[in-house]
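Novice: This is what each chain is made of:
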Amino acid sequence: MRLDLILRVGAKLILPFILLFALYVQFHGDYGPGGGFQAGVIAAGMVILYAIIFGVHAAKRIAPPIMVEMMVPMGVAIFTGAGIAGLLMGNNFLDYTGFAHDYLHAHEWGILIVELGVLVTVCGTMVAMFYAFVQRGRS
Amino acid sequence: MNALSWGAAEPHLPILVVVIPLVGALLTTFLRNGFLAWLVATLVAFTLPFITIHLLLTVLETGQPITYKIGNWEAPFGIVYRVDQLSGYVLSVIAIIGAVIMPFARRSVVAEIDERARSWYYTMYLLCLAGLLGIVITGDAFNAFVFLEVSSLATYVLIALGKNRRALLAAYQYLIMGTIGATLYVVGVGLLYVVTGTLNFDDMASRLSAAIVDPGQRNAVVTALGFMVVGLSLKLALFPMHMWLPNAYAYAPSFATAFLAGTATKAAIYLLVRVVFSVFGVGMTLENLPIGEVVIVLSIAAMFLASISAVFETNAKRMLAYSSVAQIGYITLGIAIANQAGLTGSLAHIANHAVMKTALFLALGAVFYRVGSVLYDDISGIGRKMPLTMAAFAIAGLGLMGTPGTAGFISKWYLAVAAIDDGMYSVVFLIVASSLISVVYIGRITEVVWFREPSKAAAQAKEAPLSMLIPLWLLAFATVYLGFDTRATVGTASEAAKVLLEGVR
Numbered sequence: 000m001r002l003d004l005i006l007r008v009g010a011k012l013i014l015p016f017i018l019l020f021a022l023y024v025q026f027h028g029d030y031g032p033g034g035g036f037q038a039g040v041i042a043a044g045m046v047i048l049y050a051i052i053f054g055v056h057a058a059k060r061i062a063p064p065i066m067v068e069m070m071v072p073m074g075v076a077i078f079t080g081a082g083i084a085g086l087l088m089g090n091n092f093l094d095y096t097g098f099a100h101d102y103l104h105a106h107e108w109g110i111l112i113v114e115l116g117v118l119v120t121v122c123g124t125m126v127a128m129f130y131a132f133v134q135r136g137r138s
Numbered sequence: 000m001n002a003l004s005w006g007a008a009e010p011h012l013p014i015l016v017v018v019i020p021l022v023g024a025l026l027t028t029f030l031r032n033g034f035l036a037w038l039v040a041t042l043v044a045f046t047l048p049f050i051t052i053h054l055l056l057t058v059l060e061t062g063q064p065i066t067y068k069i070g071n072w073e074a075p076f077g078i079v080y081r082v083d084q085l086s087g088y089v090l091s092v093i094a095i096i097g098a099v100i101m102p103f104a105r106r107s108v109v110a111e112i113d114e115r116a117r118s119w120y121y122t123m124y125l126l127c128l129a130g131l132l133g134i135v136i137t138g139d140a141f142n143a144f145v146f147l148e149v150s151s152l153a154t155y156v157l158i159a160l161g162k163n164r165r166a167l168l169a170a171y172q173y174l175i176m177g178t179i180g181a182t183l184y185v186v187g188v189g190l191l192y193v194v195t196g197t198l199n200f201d202d203m204a205s206r207l208s209a210a211i212v213d214p215g216q217r218n219a220v221v222t223a224l225g226f227m228v229v230g231l232s233l234k235l236a237l238f239p240m241h242m243w244l245p246n247a248y249a250y251a252p253s254f255a256t257a258f259l260a261g262t263a264t265k266a267a268i269y270l271l272v273r274v275v276f277s278v279f280g281v282g283m284t285l286e287n288l289p290i291g292e293v294v295i296v297l298s299i300a301a302m303f304l305a306s307i308s309a310v311f312e313t314n315a316k317r318m319l320a321y322s323s324v325a326q327i328g329y330i331t332l333g334i335a336i337a338n339q340a341g342l343t344g345s346l347a348h349i350a351n352h353a354v355m356k357t358a359l360f361l362a363l364g365a366v367f368y369r370v371g372s373v374l375y376d377d378i379s380g381i382g383r384k385m386p387l388t389m390a391a392f393a394i395a396g397l398g399l400m401g402t403p404g405t406a407g408f409i410s411k412w413y414l415a416v417a418a419i420d421d422g423m424y425s426v427v428f429l430i431v432a433s434s435l436i437s438v439v440y441i442g443r444i445t446e447v448v449w450f451r452e453p454s455k456a457a458a459q460a461k462e463a464p465l466s467m468l469i470p471l472w473l474l475a476f477a478t479v480y481l482g483f484d485t486r487a488t489v490g491t492a493s494e495a496a497k498v499l500l501e502g503v504r
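Chains as they are written, first to last, in numbering that gives the first Met the number 0: chain A, 0 to 138; chain B, 0 to 504.
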């Protein structure tokens, strides 16, 4: 049991950087390769690595199943919310023009919000699927 | 209803048709309570028909399609939603069926779905509704594929939650077949995109005329047509690609069966009509591939072979599912004949069949609620215990046979006229002959439920609750009403057929 010291310490060192890289991919998405989907998978990868090294129960303390389950619709709600915000500002659905004074600036905001929604849903879905597989035959 | 004022929401109605059920689905996931989820779903489902009917009436009045640019991107670059006579009509059919069955859902879902799955069940229902409406309202080939997947994925869950463990297998079968169908469709879309460089249906149509002359691109276009027709035929369960349908309908929860039988295949039929008529244009289709003849033969095979399967079936839901395959045969027959009367009959039958089949499945759902089974042995004599339910069943059954004075007669009449117009007199005979088989299978179940001694299970049953009887009788009444006043069905369908045939090249 205690022979996995290197793994445990190594994982602990890596974990914050995985999350940081996920955020980098997320915010880099509108300039280069990346975006919410990839970022969501990387962030979920952090939780999954944590679960593999420290056990599912430990992982469920940092990402409770109820939160993970709520993240799935929450991301869609953020995405749809961005669309509906456009509607409420008198523009078409998913038209971000009203989000800022400058047209391009507004669209950048819009993309970032939408990508955030994608990140939340993808991350939640990945972790929820992982939990579902890990729990098979236990409960 | 057109007097209804929508105020500032008026220009945004096309997108609201999809956004409202989507937001409703999100709400139900956060509520996590079966009753509240039902309340949200009902509210959403009853809002939609007002919007779709308003859109349809506006289009019929002005004769001009309504378009909506998502994100305000111009037509061929962005996704455009487009409501014309055809899509407004099919949207209204789906939205009305989706609303009418909601009162039925509450008790049926409580009886058939586990408590912790109930709110998710309504989530899936609303997602499915959003997907089906999206397929019909979008003017973009790839967006249609996305909505096809949204509705299909939700449908698999709706079916898999059935109490009978075979529901899982049925859902899996449908998952495989449905995925193959959607894949074939998207392969076709890909080929068209390579040739035309666009995904917008209208833009595609205008660029295809040039592409078809070029011998290098002609093969790609013809291949795309083949892929799309076969893929959509799988989704709409055209014989012999219907094998997923009987089990899926038989083992799904009653509410899901009633909803899917009325709406799911109809959206796929809409997409087929849209692709064949609006994008390719029938003239081009028929010159290059004998699709018309093939579909006519398959439709007639469906009318007979599926009807005969229905005759020998001893599970009432499976019997009606086979009958659905046969009825889809009538719809595709008219589409394949492709003249004014044929298309009118087919499109009218989309609404008529939706009304009748939903009524029949609702009646069986009410029986299942009281008896717990729909096998002939268990429900024999149930008519004496649940006379109101089974009377409505009989009325809708008469409609299915095509008895004069019911909705079913009207659409078959137009199909027969279409066949005569095209000089296919043998087809007229076949339409009548296959209707006679439906007399046998409806007659058989009528004999079972009315004339036999009640079985043990049936003897203890009571009449269905009012919340189930009201939607059932509304639809049974509509079956008769649409047999006399055909303005809503045939009137709109012939307008849509006229517009579709104008696009023929």
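Each hint should be verified, as a subset may be incorrect.
[What the hints assert, rightly or not] One-sided excerpt, in silico: chain A residues whose CB lies under 10 Å from chain B:
1) Met66
2) Met73
3) Leu86
4) Glu107
[What the hints assert, rightly or not] A partial selection of chain A residues facing chain B, derived with a Cβ cut-off under 8 Å:
5) His27
6) His56
7) Val75
For the record, the hints were derived by calculation from the structure and aren't laboratory data. Even glycine gets a Cβ: it sits at the ideal position worked out from N, Cα and C.
Novice: Using Cβ atoms only, decide whether Glu107/A comes closer than 10 Å to chain B, and label the hint accordingly.
Specialist: This hint is violated: Glu107/A lies away from chain B, its Cβ roughly 14 Å from the closest one there, beyond 10 Å.
Novice: Under the criterion of a CB-CB separation shorter than 8 Å, is His56/A in contact with chain B as hinted?
Specialist: 22 Å, violated
Novice: Would the hint on Met73/A stand, with a C-beta cut-off of 10 Å toward chain B?
Specialist: 8 Å, holds
Novice: With 8 Å as the cut and Cβ atoms as the points, is His27/A at the interface with chain B?
Specialist: 22 Å, violated
Novice: When the nearest CB of chain B is found for Leu86/A, is that gap smaller than 10 Å?
Specialist: 6 Å, holds
Novice: Let's test the interface hint: is any C-beta of chain B closer than 8 Å to that of Val75/A?
Specialist: 6 Å, holds
Novice: Next item in the hint list is Met66/A. Is there a CB on chain B closer than 10 Å to its CB?
Specialist: Hint on Met66/A: violated, closest Cβ of chain B at ~13 Å, above 10 Å.
The earlier numbered hints that this structure contradicts are 1, 4, 5, 6.
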